[in-house]
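With the hints as constraints, model all of the structure from the sequences given.
Chain by chain, the residues:
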Amino acid sequence: MNEELGIILETTSKILNKHVDHKLRQNIDNDNSDLINLWDEIEQLGLPKIAVKDKFNGSGLTLLTTLPIIKLSNNIGAPIPLSETILSNYILSESDINPPSGIITYAIDVKNLKIIGNEISGELISVPYLNLTDKVVVITEIKKTKKVILIKNSGKEKELKKNFLSEPRYNLKLNKCKILDMKPINLRINFKHLGAIVRSAQMIGSMEKILDLCIDYCSQRKQFGRALSKFQAIQHQISEMAVELSASSAALSTITNSDDFYKNKKDIAILKIRAGAAAGKVIAISHQVHGAIGFTQEYELAYFTRNLNSWRNDFGNESYWEDLLGKDFLENNNQNLWEYLT
Amino acid sequence: MSKFNFPSIKETNDLSNLRKEVRNFITKSLNHKEFEPSADAWVFSASPEFSKKLGSMGWLGMSFPKKYGGNERTALERYVVTEELLASGAPVAAHWIADRQSGSQILRYGNEEQKKSIIPKITAGECFFAIGMSEPDSGSDLASVKTKATKIENGWKLEGRKIWSTGAHIANYMIVLVRTSPASENNRHEGLSQFLVDLSLPNVNVKGIPDMTGQRHFNETLFDNVILSEDALLGVEGKGWSQVVGELALERSGPERFLSHFTLLESFINEFKNILIKSGSKLIGKLIAELQTLRRMSFSIASMLQNGESPETQAAFVKELGNKFEKTMVETLREFSSIIPLYEWPSKLQNLFEDATLRIPSNSLRGGTTEIMKGIIARQLGLR
Numbered sequence: 000m001n002e003e004l005g006i007i008l009e010t011t012s013k014i015l016n017k018h019v020d021h022k023l024r025q026n027i028d029n030d031n032s033d034l035i036n037l038w039d040e041i042e043q044l045g046l047p048k049i050a051v052k053d054k055f056n057g058s059g060l061t062l063l064t065t066l067p068i069i070k071l072s073n074n075i076g077a078p079i080p081l082s083e084t085i086l087s088n089y090i091l092s093e094s095d096i097n098p099p100s101g102i103i104t105y106a107i108d109v110k111n112l113k114i115i116g117n118e119i120s121g122e123l124i125s126v127p128y129l130n131l132t133d134k135v136v137v138i139t140e141i142k143k144t145k146k147v148i149l150i151k152n153s154g155k156e157k158e159l160k161k162n163f164l165s166e167p168r169y170n171l172k173l174n175k176c177k178i179l180d181m182k183p184i185n186l187r188i189n190f191k192h193l194g195a196i197v198r199s200a201q202m203i204g205s206m207e208k209i210l211d212l213c214i215d216y217c218s219q220r221k222q223f224g225r226a227l228s229k230f231q232a233i234q235h236q237i238s239e240m241a242v243e244l245s246a247s248s249a250a251l252s253t254i255t256n257s258d259d260f261y262k263n264k265k266d267i268a269i270l271k272i273r274a275g276a277a278a279g280k281v282i283a284i285s286h287q288v289h290g291a292i293g294f295t296q297e298y299e300l301a302y303f304t305r306n307l308n309s310w311r312n313d314f315g316n317e318s319y320w321e322d323l324l325g326k327d328f329l330e331n332n333n334q335n336l337w338e339y340l341t
Numbered sequence: 000m001s002k003f004n005f006p007s008i009k010e011t012n013d014l015s016n017l018r019k020e021v022r023n024f025i026t027k028s029l030n031h032k033e034f035e036p037s038a039d040a041w042v043f044s045a046s047p048e049f050s051k052k053l054g055s056m057g058w059l060g061m062s063f064p065k066k067y068g069g070n071e072r073t074a075l076e077r078y079v080v081t082e083e084l085l086a087s088g089a090p091v092a093a094h095w096i097a098d099r100q101s102g103s104q105i106l107r108y109g110n111e112e113q114k115k116s117i118i119p120k121i122t123a124g125e126c127f128f129a130i131g132m133s134e135p136d137s138g139s140d141l142a143s144v145k146t147k148a149t150k151i152e153n154g155w156k157l158e159g160r161k162i163w164s165t166g167a168h169i170a171n172y173m174i175v176l177v178r179t180s181p182a183s184e185n186n187r188h189e190g191l192s193q194f195l196v197d198l199s200l201p202n203v204n205v206k207g208i209p210d211m212t213g214q215r216h217f218n219e220t221l222f223d224n225v226i227l228s229e230d231a232l233l234g235v236e237g238k239g240w241s242q243v244v245g246e247l248a249l250e251r252s253g254p255e256r257f258l259s260h261f262t263l264l265e266s267f268i269n270e271f272k273n274i275l276i277k278s279g280s281k282l283i284g285k286l287i288a289e290l291q292t293l294r295r296m297s298f299s300i301a302s303m304l305q306n307g308e309s310p311e312t313q314a315a316f317v318k319e320l321g322n323k324f325e326k327t328m329v330e331t332l333r334e335f336s337s338i339i340p341l342y343e344w345p346s347k348l349q350n351l352f353e354d355a356t357l358r359i360p361s362n363s364l365r366g367g368t369t370e371i372m373k374g375i376i377a378r379q380l381g382l383r
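Line order of the protein sequences matches chains U and H.
Just so you know, we're using numbering that gives the first Met the number 0 here: the first sequence kicks off at 0 and counts up by one.
Just so you know, we're using numbering that gives the first Met the number 0 here: the second sequence kicks off at 0 and counts up by one.
Derived from the structure by calculation, the hints contain no laboratory data.
The beta-carbon is built from N, C-alpha and C at its ideal position, and this holds for glycine as well.
Hints are not guaranteed to be accurate.
Derived coverage of chain U by chain H (criterion: at least 3 residues anywhere in the stretch with Cβ under 8 angstroms from a Cβ of chain H; other residues may be distant) [said to hold, decoys possible]:
1) 204-218
2) 228-235
3) 246-256
4) 268-277
5) 312-322
Non-contacting residues of chain H with respect to chain U, defined by C-beta distances greater than 10 angstroms in every case (computed) [stated by the list, open to error]:
6) Lys32
7) Arg72
8) Glu152
9) Lys156
10) Asn186
11) Ile208
12) Ile226
13) Ser299
Structure (C-alpha cells):
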C-alpha cells in the first residue's frame, strides 16, 4: 500500500508540475484547454475515483490514503477541484450510488429545498467549481433522513460568489431539476468531519508552500544593503510560521495514524482548530514579510492565502470546533480534564 | 522539511497501564497528604523523600542501563511517568534535572567510573544535579562563558561563577560548561568542555538568589580555584559545545514545557464546571486543542530520542509553542474573573492562580529564551 501510494504521489507530482503555473490559476474556466488537459491526465491516473469502491470501478483506497495526494496538489497550487471530486465520489460510493465520470462537486448548504417526484427545487449555496461541472452531490436532510442526492444542473441560474476566494464558488437556483439518484447517506459517515479533515490537509499543503515562498523571497530581496532574511525581526516572524505549521502537521499526523477516524471527533476538532488558527497567522505573516508584491495578482502568494481564507471557514471554523470540543469534555464526561486528555 | 515533522505515536496498552500505575501511586500519596499539588512544581517544589520514593518505584533513570542500576525502560515509558507527575503537581524538583538531562549526559559522555559511581544514585533518587551553563555575563550567548578550567598536575583547577543555578543548594553535582582553551578566531564553539563537579568540594560556594516571588530556587555558584581530579572532565576536552547542544534537546522537549501549570487549569475547571458549560466551552475547547497537540509533539520527540535521533530543532518547536500555551492559559483564566471575581475563588485556587501569574514570565526564559528558540528554527530554515 505504501509503495503504491508512493508511486501515485510521484506520478501526480510529475503531472501537476508539468501543467501548473501561475498563469493557469488565473484562468480556471472550462474553455481553458490547458486546464482540461491537466484534468484529463488526472482522470487517466484514476485519482477522482481513488477512494471509490472496486465495484464502481474505483481504486478502493481509504479516504485517509488520499490525504497526502490532496495535500500535494494544494502544495503545488493546482487550480482543479481534486478534493471536491474525490470527496463527492467517495460519499456517493459509500452510499451505494455509482459515481459518474469527470469532475463533480458537492453542496452542503441549501435553502428552501423541495423534492417533488423525481425533481428537486431550491437553492444551493457556495458550491465550489460549478463552472467546470454540471454534476453536483447534494448532502442534506429530507424528512429527518440524511440523503445523498446526485443531480445534473441544467445551469440556468447560477451566480458567481467569488468574494475573497481564489476558487470559484457559486450559488445555484434549482427549478425542478432532475434527480439522477438519491439514497440515504451511509450513517457511518459524517460529511462535515470528512470535509474538515480534507480542508485541513489542503491548508497544510498550502502553508508549506507559503513558507517556502517566504524563505525564497526574503533570501533574495535586499533592503538596507542586506537580504531581508538576515534581519532578526524577519527571521522570527518566519520561525513563527514554521511553528504554526509544525503544530498543524502534528495534528494531521494523529488523524492519518488513527485506525478509525470516523469516530474520532475529538482529533478532527483539534486538527481543524489547529490548522485554522495556523492559517490565520500564516496569512498575516506571509503578507507582512512580502510587502506590496505579495498583494498583487501577478505574484503567486495571494493565490494561496486566499484559499486559506476560504478553507479555514469551510466545514466549521475554529470557534465552531472549539465549542464542540469544549462541550464534548464539559458535558458528556464524568472525567476530569487529565483523564479526558489521556 | 523533515525537521518539522512530528510523526504520530500511539500510546500502547502497556503505556496506558503504566500511566494507571503512576496515577494510583499519586492518589495514594495525596490521600496520605505526602504532598500538596503546586504550580511549576518541577522548579519550585523539591522533596528528597518523594524523589527517593519514586526511585524505589523504578521511575527515575527509567531508560538507564541495568548495569548501572537503571531500569532499561523506553523513553516513551519515561514520558508517561513524567507527564503523570507533572499533571498532578507532585514535588519533583529535587531530582528533575538529574533524571531529565544530567544522567543521560553522563551515560553518553562519561567514563566507566563516573557512570558506576553516579548513575545508580540518580536512579535511586539520592543524587541531585544543577545545571552549570549561564553566567553573570553569559545568558543566551552561551558560547561566551568565562568560567575556566586549567590543567594542573593530576587534575584541573576550576575558576569562575555560574548563575541561575536552580536547586544548586540541594544538589550534589553540577555539570559545568567551561573554557579549557581560548576560542579560535572563527569558531567560538571550540575550546569548551564539560566538567562533573561535586558541589561539596572545598572552595565551592552556593549563594541563594530570591526570585521575584520571594522564593528560593535560584543560586549563584562560585568556584574559587576548586581543585578537580582528572576524571572530573565529562566527555572530550574541547568538545563541550556539541555535548551541551545535545543536553539542551533533553532540556527543552519535555512535557514540563506545557504542563507546569496544569494543576491550575484542572482545579479551575473542577471548580467552575457548571458555569463553563454555559459560557466557557469555546475557551476550554481551544485550550484542549492546543494542549493535546503539544502532548503529541512532545511524545513524538520522546520516540525520536528512543530511536537515537537528536531532535534539537523539534525541541525548540515544543518549547516555543508550550511557553505560549501556558501564557495564554493563565490569561484565559484571568479574563474569566470578570464572570466570577477572583476574591470569590476558593483560596487554594486563588493561590495557584497568583503563583502562576507571577511565575509565568520565567517560562520563556529558562531553558533558552523565545528569541533563541526562534533563532534555532530560523537557522534550520536556512535564514541564518
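Hints violated by the structure (listed by number, smallest first): The structure breaks only hint 13.
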